[in-house]
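S.K.: Chain order of the listed sequences is A and H.
The first sequence begins at 1 in our numbering and counts up by one.
The second sequence begins at 1 in our numbering and counts up by one.
No wet-lab data here; the hints were simulated from the structure.
It is possible that part of the hints are untrue.
Below 30 angstroms or equal to it, Euclidean Cα-Cα: the simulated DSSO-like pairs (lysine-lysine) are [as the list claims (entries may be wrong)]: (1) A:K281 / H:K16; (2) A:K200 / H:K243; (3) H:K243 / A:K278; (4) A:K180 / H:K99; (5) H:K16 / A:K109; (6) H:K243 / A:K260; (7) H:K243 / A:K109; (8) A:K200 / H:K211; (9) A:K260 / H:K203; (10) A:K219 / H:K172; (11) H:K99 / A:K87; (12) H:K16 / A:K200; (13) A:K278 / H:K202; (14) H:K172 / A:K260; (15) H:K99 / A:K219; (16) A:K180 / H:K30; (17) H:K229 / A:K281; (18) A:K319 / H:K16; (19) A:K200 / H:K99.
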Amino acid sequence: MILGIIEHDGVQLDPYGLQMLTFARDLSARLNTSLEAVLIGKSAESSGEQIKNFGISKVHLIQHERLEHYAPEAWAESVIQLLADKKADLAVAAGTERGNELMAHIAAKLDLPLASNCSEISHGDGLEITRLRWGGSLLEETSLRDNVKLLTLALNIVEAQESSANPVDFEAFTPTLEDKDFRVQLSGREENTAEGVTLKTASLVVGGGRGVGSAEGFKVLEELAECLGGVVGGSRVATNNGWRPHTQQVGLTGNRISPKLYIACGISGAIQHLVGCKAAKNILVINVDREAPFFSKADYGVLGDLHEVVPALISEIKKVQ
Amino acid sequence: MNILVCVKRVPDPGTKIELTADSRAVDTSKLGFTISPHEECAVEEAVQMIEEHGGEGTVLTLGLPESDAQLRDALAVGMERGILIETDGSDWDPGQTAKAIAAAIEEDQTRHGPFDLLMFGNESADSGGFQVGIRVANALDLPCITGVKSMEMEDGQLVCKREYGDGWEVYKIPLPAVVTVKEGLNLPRHPSLRGTMKAKKKKIEFVQPEKVSAQLVMNRLRHPAETSKEVEILGEGAAAAPKVIELLRKLEVL
Ligand SMILES: Cc1cc2nc3c(=O)[nH]c(=O)nc-3n(C[C@H](O)[C@H](O)[C@H](O)COP(=O)(O)OP(=O)(O)OC[C@H]3O[C@@H](n4cnc5c(N)ncnc54)[C@H](O)[C@@H]3O)c2cc1C
Ligand SMILES: Nc1ncnc2c1ncn2[C@@H]1O[C@H](COP(=O)(O)O)[C@@H](O)[C@H]1O
């Protein structure tokens, strides 16, 4: 039996959790086993309604008076007890921050391997697994042979798909937890006093890299972004030099962006940068070097010095606006 | 405050990752090496905390003997001691890595006294397992906060923040503890010439680990299916502007 652990906020299920359920549903069919969902914490039941459209017939509600706020070890301990109780042979969560954290605690406590951020799974001797390395720039093939298999599913590998609605049977499970399981527990939240459009949601991003040359150099990029209702981003060279704040970094250790158009100025196109912008629908590269690798990943290109091209663009846009 | 930071030496592939003929490793013959930006931030944060609260910083890595270069980089910005757990360079899975690191920490603590804080990257740059820090925390029975982008001592407690949804989650724990951090935590300093000279004299201890068997065996590496694009060059220099305007119109961003 497969247990699929889904995050929720008490009202809505996490969209990545629904991707995971879609993937796990297909896997359970291929492995000829059943799939049951797990929701942890207070008020999980109300968000569980959504689940019936995903073809799940049983949902385990892990309930405990102290599970109101996220506590990674208490969650891990709860899932471990449920795994043992139901004799499940596979547990999967979405490869979110919490998903990876939770599964790593479970793996550590049970001394089992964890295959994180998987993208494909096939059935062999055990499970043959493909997982992401280098943020997805490289794939690793590995196998899981242990009796209990633990994995997380990389984000946005499958689209969440509903299936025939099932009547859902909710089953409460109360774990036995100790004080020690709560030594790390969420103690508060702070909301961002948000500035509106963010890099993650913007439909147009103007990115700058080493070619921009300085913090002041970014002024023209800002102006271009403003004309087009977009936001500014940068490569790690731009953030690491202090030209832009790290919150504006695009890439492996920065933000993943998915705008309609990404205008990349003076950026070479290192794999760690490309990981962050590969979901852009269109990429326009402005670079002095025709050999810059970014040109082979872009839809459109302008060959030239960004400090000439960008101001020319701005004045042309102002003419027509 | 005594702080240990764990860093991993990884190739810096730049624009393309080449594989070895047997597809079991990245071909590093033409590559430089680095540590992940997350771990650079861990080193910087440790140095800042020690500057503020006193104590000593130790940097640890598990890898080939030449990984001492990455330890020296950390020693050059203010860490004091290095520990190098020596391997033959083969792939160690997260479980093996964590067990060897936990054993080395326990052994080191018997001689140098306990660490107050153990720091890791949230995930390694190459294999990205998202778990070595958590495994070490469990092996040493310490609390662990992951994904940390802001940390501070407040009334003897470590207050950490991490991003969640549109906001931040706040966690408070007493020391000793483990934290795994992410880039953005701070802006790492560059080593000074003096720092680099001093680092050459700092002590790196080489440790021979016991290797337990692997649980997650890497069989093969491969490239994801690539959709190589045919770029349309719109022109050169400022003269390309009208063509770009046409494009912006076509894409309905103007
Ligand atoms: C583990 C790890 C994680 C990383 N994470 C990230 C990440 O999240 N994001 C990221 O961006 N990088 C990341 N990096 C760094 C990455 O490897 C590259 O070093 C970085 O992306 C290079 O930035 P760049 O393209 O701005 O600079 P460069 O590679 O130096 O390229 C500058 C480009 O600008 C062009 N240029 C110069 N002058 C001009 C001009 N006047 N007009 C037009 N073009 C000009 C040049 O031809 C060149 O192509 C990471 C690295 C590692 C090892
Ligand atoms: N070989 C290693 N040597 C030292 N530290 C490591 C090693 N491998 C992983 N780590 C640490 O553990 C973190 C998480 O690694 P991983 O679980 O592989 O994503 C890294 O950011 C490092 O801080």
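S.K.: All the hints need checking, so say for each whether the structure fits it.
M.R.: A quick look at each hint next to the structure:
1. A:K281 / H:K16: holds, 22 angstroms
2. A:K200 / H:K243: Holds, at roughly 28 angstroms.
3. H:K243 / A:K278: With a Cα-Cα distance of about 24 angstroms, the restraint between K243 (chain H) and K278 (chain A) holds, given a limit of 30 angstroms.
4. A:K180 / H:K99: holds, 22 angstroms
5. H:K16 / A:K109: Violated, at roughly 37 angstroms.
6. H:K243 / A:K260: holds, 18 angstroms
7. H:K243 / A:K109: violated, 59 angstroms
8. A:K200 / H:K211: The given pair, whose Cα atoms are some 42 angstroms apart, is violated under the 30 angstroms limit.
9. A:K260 / H:K203: Violated, because 52 angstroms separates the two Cα atoms, which is more than 30 angstroms.
10. A:K219 / H:K172: Between K219 (chain A) and K172 (chain H) the Cα gap is close to 40 angstroms, so the pair fails against 30 angstroms, i.e. violated.
11. H:K99 / A:K87: Distance of about 27 angstroms is within 30 angstroms: holds.
12. H:K16 / A:K200: holds, 25 angstroms
13. A:K278 / H:K202: violated, 43 angstroms
14. H:K172 / A:K260: violated, 40 angstroms
15. H:K99 / A:K219: violated, 50 angstroms
16. A:K180 / H:K30: Violated - the C-alpha atoms of K30 (chain H) and K180 (chain A) are around 49 angstroms apart, more than 30 angstroms.
17. H:K229 / A:K281: holds, 12 angstroms
18. A:K319 / H:K16: violated, 41 angstroms
19. A:K200 / H:K99: Cα-Cα ~37 angstroms, so violated.
Hints 5, 7, 8, 9, 10, 13, 14, 15, 16, 18 and 19 from the list above are not met by this structure, while the remaining hints are.
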